[in-house]
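Engineer: This is what each chain is made of:
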Amino acid sequence: MSIETWITTEPIDTGRVLSATGSPDDGAILLFLGIVRRENGGREVTGMRYDAYGSMAERVLREIAGEAANTYGATHVAAVHRTGDLEIGDVSVAVAVSTPHRADAFTAGRWVIDELKRRLPVWKKEHYVDGSRWLDGSSPPVPETSP
Amino acid sequence: MSIETWITTEPIDTGRVLSATGSPDDGAILLFLGIVRRENGGREVTGMRYDAYGSMAERVLREIAGEAANTYGATHVAAVHRTGDLEIGDVSVAVAVSTPHRADAFTAGRWVIDELKRRLPVWKKEHYVDGSRWLDGSSPPVPETSP
Amino acid sequence: MRVRVLLFALYRDLAGAPEIEIEVPAGATARDAVRIVRGRGPAFERLPDQPAIAVNEVYANLETVLSDGDEVALIPPVAGG
Amino acid sequence: MRVRVLLFALYRDLAGAPEIEIEVPAGATARDAVRIVRGRGPAFERLPDQPAIAVNEVYANLETVLSDGDEVALIPPVAGG
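Read top to bottom, the protein sequences are chains A, B, C and D.
Numbering of the first sequence is given in my numbering, commencing with residue 14 and proceeding in unit increments.
Numbering of the second sequence is given in my numbering, commencing with residue 14 and proceeding in unit increments.
Numbering of the third sequence is given in my numbering, commencing with residue 511 and proceeding in unit increments.
Numbering of the fourth sequence is given in my numbering, commencing with residue 511 and proceeding in unit increments.
Hints may be right or wrong, so weigh each one.
[Said to hold, decoys possible] Computed cross-link-like contacts, SDA-like style, restricted to lysine to any residue with a CA-CA straight-line distance of at most 20 Å:
#1 K130/B with P561/C
#2 K130/B with P113/A
#3 K130/A with S152/A
[To be verified] From the structure, some residues in chain C lie toward chain B, with a derived Cβ separation under 7 Å:
#4 L524
#5 P528
#6 I546
#7 G549
#8 G590
[What the hints assert, rightly or not] Computed footprint of chain A on chain D, listed as stretches where at least three residues anywhere in the stretch have a Cβ under 8 Å from a Cβ of chain A:
#9 547-555
#10 568-581
Hints in this document: simulated from the structure, not taken from any laboratory.
No residue lacks a Cβ here, since even glycine has one placed at the ideal position from N, Cα and C.
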């Protein structure tokens, strides 16, 4: 099992993400790329700024990848999130998983993306021709009782 | 919308499959690679032969890709299946889809793989140290009444 | 009229041939073509009598009426991916 | 004892500062820290009084008891991906 995760302000090297996966026991590799779209909720988007609590985001991303490996039997999990100023068409997030069985690759990949949206301390500000705003997000999973 | 599909005896160029997708309206790209595994049902696999009814497989693959685009709003669909003699770790099938919304990329990609298993006229013969056999498959979807 | 019958994978191994041309009467169905192919000797008789088929690269059922020059493929259970 | 409070995204814009060091009494909780930060002037008062928080890079609840040198982050609703 291998886990490779990082947070970066540089363009995401999707080849590196993909090549972090795959072994003779794997029957499937899945790569997911999240991309900055030109349009959101009917408004034309001109760009996007991603902010992160960098050190915590690195830690949470590593946790999510490790949980995916354990829960779905993923042999390799690679996940990277970009921060800073992105343009339309830029890759903001990339997730690659490899698994022995094919259905698991879809389940594991989807789970990583969903968890990352749920708990990665990252925020995005959308820019429009006439202004910008922080996008609504999800309340992070704060524990009920003190640790 | 664009559709790009092919059947080939050459190693699959995953970069080409991936780069067939993506436009300013897309929020997600998903790439799935099926790989020849070292083990199946507890037996060690030494190699795999894929046979196809080539001209029909080209046609069916194109149909599946078109249906995925129409049904799931995929902007781009690329799908390729390799035939001939493959080794462990070789990519046998690659599917890439891009969609405006992220959940659709997973649904569309999964659907293409499932349909391709259900109706692409392709067969595989697994080789072991002590023999080989054609793998069990699915009955293809023959229409109930004559066309 | 003549039709070309294609065999793949397991069916090709069973029959020992990748394809065979046969003569069928006017109005013959795919089922008739399969029967004629299976009558071509012991190897061909090992083919199933009700296989899935495609006519001219499209899945069809055994009652499909054939035309001269049609390509009929006997399709073993498929296993792509 | 001293704790460092980090602000991100919308909260940073509201308060006009990326972080602030505050003095808290022994036994203080994260909730106390938030109260002290919000007492630092009108800009800080625009922060929510019950934000999600992380203590030393781990999500925690507001009753978490702080130690000297802790890093407390006020976490707006997250929107990665």
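Engineer: Each hint should be assessed against the structure and marked as holding or not.
Structural biologist: Results for each hint:
Straight-line distance between C-alpha atoms of K130/B and P561/C comes to about 18 Å, which keeps the hinted pair within the 20 Å bound. Proposed proximity of K130/B and P113/A is supported: the alpha carbons are some 17 Å apart, at most 20 Å. For a cut-off of 20 Å, the pair hint linking K130/A to S152/A stands: about 10 Å separates their Cα positions. The interface hint given for L524/C is broken, as the beta carbon of that residue sits about 10 Å from the closest beta carbon of chain B, more than 7 Å.
For P528/C, the interface hint is violated, the least distance from its beta-carbon to any beta-carbon of chain B being 10 Å, above 7 Å. Interface hint at I546/C: violated, since its Cβ lies 19 Å from the closest Cβ of chain B, which is beyond the 7 Å cut-off. Contact between G549/C and chain B, as hinted, is not supported at the beta carbon level, the nearest pair being about 23 Å apart and thus beyond 7 Å. About 3 Å separates the beta-carbon of G590/C from the nearest beta-carbon of chain B, less than 7 Å, and the hint is met.
Evaluation of the coverage hint for the segment 547-555 of chain D: breached, as 0 residues show C-beta separations to chain A shorter than 8 Å, against a requirement of three. Counting residues of the segment 568-581 of chain D whose beta carbon lies closer than 8 Å to any beta carbon of chain A gives 7, which meets the minimum of three for the stated coverage.
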